[in-house]
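Participant: Line by line, the protein sequences are chains A and B. Take the first sequence: its position 70, counting from 1, is numbered 70 in the working numbering, and each next residue is one higher. Take the second sequence: its position 82, counting from 1, is numbered 412 in the working numbering, and each next residue is one higher.
There may be inaccurate statements among the hints.
[Stated by the list, open to error] Simulated DEER-style distance windows between Cβ atoms:
no.	chain 1	residue 1	chain 2	residue 2	range
1	B	Gly401	A	Asn190	57 to 63 Å
2	A	Leu11	B	Glu515	55 to 61 Å
3	B	His427	A	Leu126	35 to 41 Å
Hints in this document: simulated from the structure, not taken from any laboratory. Glycine included, C-beta positions come from ideal geometry on N, C-alpha and C.
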Amino acid sequence: MAQRGSSAWFLTAVLLALALVAPFVLYPVFLMEALAFALFACAFNLLIGYVGLLSFGHAAFFGSASYITAHTVKVWGLPPELGILAGVAAAALLGTVFGWLAIRRQGIYFAMITLALAQMVYFVALQAPFTGGEDGIQAVPRGRLFGVIDLNDTLTMYYFVLSVFLLGFAVIVRTINSPFGQVIKAIRENEPRAVSLGYHADHYKLLVFILSASLSGLAGSLKSLVFQLASLTDVEWTMSGWVVLMTLVGGLGTMLGPVVGAFFLVAMQHYLAQLGSWVTVVQGIIFVVCVLVFRRGIVGTIAFYAAPPRDVPIGEKPTKVGSAAARGTP
Amino acid sequence: MFGWLHLTIPPAPALFAQLLVGLINGAFYAMLSLGLAVIFGLLNIINFAHGAQYMLGAFCSWFLLNALGIGYWPALILAPLIVGVVGVVIERLFLRHIYRLDPLYGLLLTFGLALIIEGVFRQEYGSSGQPYQIPPELLGGRNLGFMFLPNYRAWVILASLAVCLATWFTIERTRLGAYLRAATENPALVQAFGINVPRMVTLTYGVGVALAALAGVMAAPIYQVSPLMGTNIIIVVFAVVVIGGMGSISGAIVSGFALGLIEGMTKVVYPEASNTVIFVIMALVLLVKPAGIFGQVR
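Sequences and hints are given; from them, build the entire structure.
Facilitator: Shown next, in the form of structure tokens:
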């Protein structure tokens, strides 16, 4: 265990160092976009990877926070930190209502319900006066953080985005490694048993749902400040599919998988941008390939071969989304 | 305070016209949720590609007309056959590999397939729609005294009702349907009785897909034939399925028509909410009866 612990710290240090020098090597806007989506995917993964609930409506939280932040910062003139807080609060509120409704059903019904509820948010965004319809909210000012730090400087903005991402990521790691995290994993593996031990499964599911929605909102708020734009793309069902794909490619239920998946797919989208609708086709192909032959995802596969789990026979196919067998590590 | 809620009663012809539109939409919701329910019953997969296959049906009839000069009536048979064969190929190539897995993987896989199909068509035809003419036999309409009923719309309602009833009859009242229902309960036992369950699964998927394509052909003259027509409708149909519950075939039919009508009514009373009313009803049903109106808790 000591060895695993030290190698984890080593990996963390290397990744942090890479993140600090990255904007001098790579295009900073690309990095910021990837970080925002990485946070979004990590938030989504909290639900599918650790509770086993597949939400097909996370665009609702991402997009509504994006709109609220853009509106409060641009029209009300709030500083960016309050704009982000407003966005997260809106996403949390929406998450409370949607979660409360959706956890009444499981599995595919849960997926269909979240998709339908998110579509409702899409139509509201399409018709509400403050969202600007097809144009969205453009030219959102980044402003000064705490009234001091000017976020219009790209490098400053990058480090701000990185800090927020790390904060969000830390919250997720802390949640998963807490007693609370153990209970939600127990619910995923065997809900009736967790209930028989006296845990209110629905209560736990709802809390994780709200946390996941809030962090998705945080990602959406960041995104609207980075691109200075909130648009219908943020609330569309394609965005919900996009975050599912990022998590699936990286590895469902792995800590770093969503981050890797987000960087991989955002990079892919940048290279394929001139291909038009073929990007959708490529996305579809990746979905099909991942489900058929690559269910562990990139990080899940690495973890599986680096440390084959003892409780699952090697070569056994993962059958349950986000289960121990699918994750590869115990 | 409720000034924005213009609840004035509209003139009767406008009311009936919107109800007719609602009934037409309901016919398509019913046919699509029926296909979803049939597929889900045996394959335990929510077919996300159902909307894309509905779009394929519409495009198929459009191709038949514009490339081969084959009109509406043959297309009504040919397009579902062609798209149904595509469905059989999809089942053989992809779906049969994931039956042992969590049903969520089926949703993800068919979502990927839907993206592929729609992406290809969007690349070819953009987002705009292609017109498809109403067959000459059904042009015009009749005056019912209280409203004007276009012949084609009357045909769509009657034909979809007939298709729904025929599907219900096949599944609930014939020997083949009995095999199907038995295989839904216990495939291993049905196989032991000498019935080729894998082939039945393949054909069921093919028939479900053909139903979607048939709806697509019937929709072609009403809506424009566009690559996006499928996703727009499939999310609503998912809500219909959640409301009705996937347990019964008749439930899918009844809730499809009923929700179409409610949507039409909303267009009269409060048009701004017509896009979202079905989702609101879904939320209400989840509060009162989480398993759906006709569903059993699974």
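Participant: Among the hints numbered above, which are violated by the structure, and what are their numbers in rising order?
Facilitator: 2
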